[in-house]
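Numbering of the sequence shown is given in the working numbering, commencing with residue 9 and proceeding in unit increments.
In case anyone wonders, no lab produced these hints; they're calculated from the structure. Warning: the hint list may mix true and false statements.
As the list claims (entries may be wrong) - List time: in silico DSSO-like cross-link candidates among lysine-lysine, alpha-carbon distance up to 30 Å: (1) Lys57 x Lys79; (2) Lys12 x Lys57; (3) Lys36 x Lys79; (4) Lys36 x Lys57; (5) Lys38 x Lys86.
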Amino acid sequence: MPAKVQISRCKTCQGILAKTNELNDAIKKKCPTATVEIVDGPTGSFDVKINGAMVYTKPKDGQIPIDEILKKVEEANKK
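Build out the structure end to end from the sequences listed, making use of the hints.
Structural data, given as structure tokens:
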């Protein structure tokens, strides 16, 4: 069953917007059957849910591990 990914991110943070686009593009490339929904979140936020389960919440001033998140999407997409 294709994975359903929801990315909730700060809509005014340029770095987070870039990471959102990077993750979205990577998911589309690696898991073309997965669906991605991008929603506005609170300032500074970057949260990722896969099939309704939270898999990543960015700590304040933390790095966003695109490769780790993508690996989780790939695993969920195979189920």
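State the violated hints by number, sorted upward, taking the hints as numbered earlier in the document.
Failing hints: none at all.
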